[in-house]
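Trainee: In case you want the letters, here they are:
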Amino acid sequence: MSEAAAASPELGEPLMELRDVRKVYGMGDSEVAALAGVNLTIQPGELLAVMGPSGSGKSTCMNLLGCLDTPSSGSYLFRGVDVGSLSFDQLALLRRHYLGFVFQGFNLLARTTALENVELPLIYRGIARKERHRRAMRALRDVGLDGREGHTPAELSGGQQQRVAIARAIVTEPSLLLADEPTGNLDSARSIEIMQLIVQLNRTRGITVVIVTHERDIAAFARRRLTFCDGLVERDERGEGIG
Amino acid sequence: MFVSWHMIGNTLLMALREIRRNKLRSGLTTLGIVIGVAAVIALVTLGEGATARVTSDISKMGVNMLTIVPGGQRRGPTQLDAAPLSLDDVRAIEREIRSVAAAAPTASRGVLAVYANKSWNTVATGTTNAYFSVRAVKLAAGRMFSDVELSGGLPVCAIGATVQRELFGHQDPLGASVRLGRLSCLIIGVLESKGQSTFGNDQDDYILLPLSAFQRRIAGSSDVSAIAVSAASDAETTKTKAQLTALMRERRRISEGQADDFAVHDTREIVQTLQSVTGVLTALLGAVAAVSLLVGGIGIMNIMLVSVTERTREIGIRLAIGARGREVLLQFLVESVVLCVFGGLLGMVLGLAGSYVAGQFLRLPFVFLPQVVVISVAFSFVVGVAFGLFPALKASRMNPIEALRHE
Chain A
1 MSEAAAASPE
11 LGEPLMELRD
21 VRKVYGMGDS
31 EVAALAGVNL
41 TIQPGELLAV
51 MGPSGSGKST
61 CMNLLGCLDT
71 PSSGSYLFRG
81 VDVGSLSFDQ
91 LALLRRHYLG
101 FVFQGFNLLA
111 RTTALENVEL
121 PLIYRGIARK
131 ERHRRAMRAL
141 RDVGLDGREG
151 HTPAELSGGQ
161 QQRVAIARAI
171 VTEPSLLLAD
181 EPTGNLDSAR
191 SIEIMQLIVQ
201 LNRTRGITVV
211 IVTHERDIAA
221 FARRRLTFCD
231 GLVERDERGE
241 GIG
Chain B
1 MFVSWHMIGN
11 TLLMALREIR
21 RNKLRSGLTT
31 LGIVIGVAAV
41 IALVTLGEGA
51 TARVTSDISK
61 MGVNMLTIVP
71 GGQRRGPTQL
81 DAAPLSLDDV
91 RAIEREIRSV
101 AAAAPTASRG
111 VLAVYANKSW
121 NTVATGTTNA
131 YFSVRAVKLA
141 AGRMFSDVEL
151 SGGLPVCAIG
161 ATVQRELFGH
171 QDPLGASVRL
181 GRLSCLIIGV
191 LESKGQSTFG
201 NDQDDYILLP
211 LSAFQRRIAG
221 SSDVSAIAVS
231 AASDAETTKT
241 KAQLTALMRE
251 RRRISEGQAD
261 DFAVHDTREI
271 VQTLQSVTGV
281 LTALLGAVAA
291 VSLLVGGIGI
301 MNIMLVSVTE
311 RTREIGIRLA
321 IGARGREVLL
331 QFLVESVVLC
341 VFGGLLGMVL
351 GLAGSYVAGQ
361 FLRLPFVFLP
371 QVVVISVAFS
381 FVVGVAFGLF
391 PALKASRMNP
401 IEALRHE
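The listed protein sequences correspond, in order, to chains A and B. Residue numbering for the first sequence follows this note's numbering, starting at 1 and increasing by one per position. Residue numbering for the second sequence follows this note's numbering, starting at 1 and increasing by one per position.
Please keep in mind that the hints were generated in silico from the structure rather than gathered at the bench. Quantities reported herein were computed from a predicted structural model and do not represent experimental measurements. Any given hint might turn out to be false.
[To be verified] What follows is a set of in silico ranges between Cβ atoms, one per label pair, in the way DEER data are often shown:
id, chain 1, residue 1, chain 2, residue 2, range
1, B, L31, A, Y25, 36 to 46 Å
2, A, G144, B, L12, 28 to 38 Å
3, B, Q371, A, G144, 15 to 25 Å
[Claimed, not checked] Straight-line alpha carbon distances no greater than 25 Å define the calculated SDA-like cross-link-like pairs of lysine to any residue that follow:
id, chain 1, residue 1, chain 2, residue 2
4, B, K394, A, N63
5, B, K239, B, K394
6, A, K130, B, V349
7, B, K194, B, A358
8, A, K130, B, H6
9, A, K130, B, M7
From the three backbone atoms N, C-alpha and C, an ideal C-beta is built for every residue, glycine too.
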């Protein structure tokens, strides 16, 4: 949580470390390796874009980084913890306390107000009602949605829905924000706004961000860009990043 | 601990939000439980009302009453020639058995009662004043028979409320003469109404005469068709019945080993038989209604399964956000239990209201049974858990990645 934000990106332990990670689907002859031995280190505070054609293994990598899945072999250390050794419920607790997700399809609960959507992760954290309400309102303000807390997803535009999703992801002050094609359903003007918001959250709060995208101009916002191909990291570039 | 109280509170909150969000679906889902619980409660309550009605009706027939009739316990052609009873039997009973409070001989025959230009088919019963105490009959007006009237067989009578209504309307019948066949009879009393019996026959449609007058002027024989006996106390009824049997066997010279050619009926036995009959009926109807509750439960499971599939994406979101399997399980379980208990409470209200209204039409008393209410609400809770468990387990075992990808 906030320790991650306080830590300097250059020093100390990496936030995440993949060591020769393989992920294999299917059995026997029909075995397919989605990840074929990936080595990767991500420091706290990084803003990382993951690119690659479909089937390159970027989504599988995203699921592993997000602790939604465990590697078939190799090890994935999250804050020094070997994720592969954790149970289904322990993975859930890890996600609850350290991770925030933003999806392409927004994935908000339908017929549920923006405020209730943002409160959801706090409910699982056992935060009391008043505090939950206060934090959710602040997160909505941080993404520029004051006054919209009573609206349901159907009453909000795509850009606004994605802002609600971002508010839901950051309301728990996670160490890592994972965004899977966050602008995939938005027009270019809305896409830039969302990316600027994500970059701003990364800079001001020190939240580590991993964005999966197939669009170059979206990846251009990131200071580090990984390109996957055939289950391996093909390129690992560092640059300035815009926005 | 499996889950904290805090989590249960929050899950309850989420379940209520979900139910409120889908009012129509929730309402339709719970309808089965509503109907099931309402049926159980209504039928059991009405059944209890019927039992109470039967009990109170039979106690109206007389207090601690035993009835002796000629003929055996089992009906058959051989019993038809059993000797009739007589007034001497009545005197012997009163003399010999100490636990007998009163014994009334009765003999009845259908007659046409005529007054002025009106006539009414009714029953004339010859008896003594003991009839009033044994059969718990009260006078609404007038007096009982005098000793002279009883011994002399004078043509006087007391009429039932129905006879009064049919022949006299609002007129005062006391002092008037009613004609029974060829006998003109002076009305000296009017009997208090007892209303309809459980079996629907009118308990006020008869005329009482002194036994001697009935025997001589209407029946033309000195036969007594039944003797109604009341025991001094409820506890002594069984003992009295045994003594009556022994005395009657002796008087009718029945040797040992031979079957009785008379029968002694105990009102209490009739009450018990009827109560057991209504009890069995209530249990049967309750069981049928319980089956409908089961069907309601299956309906809940059906909808919950559809709901789990429909909300796969939501489950994926919850899992991604950090819900554990047990929390997803609890959420769906709580939803199903809340629906069922809500349906149970609604059904309870409908069932009680329904049985109250039906009771008015069927003229049954409203008997409120708190245990039925507790049981049916507890049962709907159990139905909620039992039929919600499978869908909830299904939800809790979803893979978050696949759930999120679900369209």
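Trainee: Among the hints numbered above, which are violated by the structure, and what are their numbers in rising order?
Mentor: 3, 5 and 6
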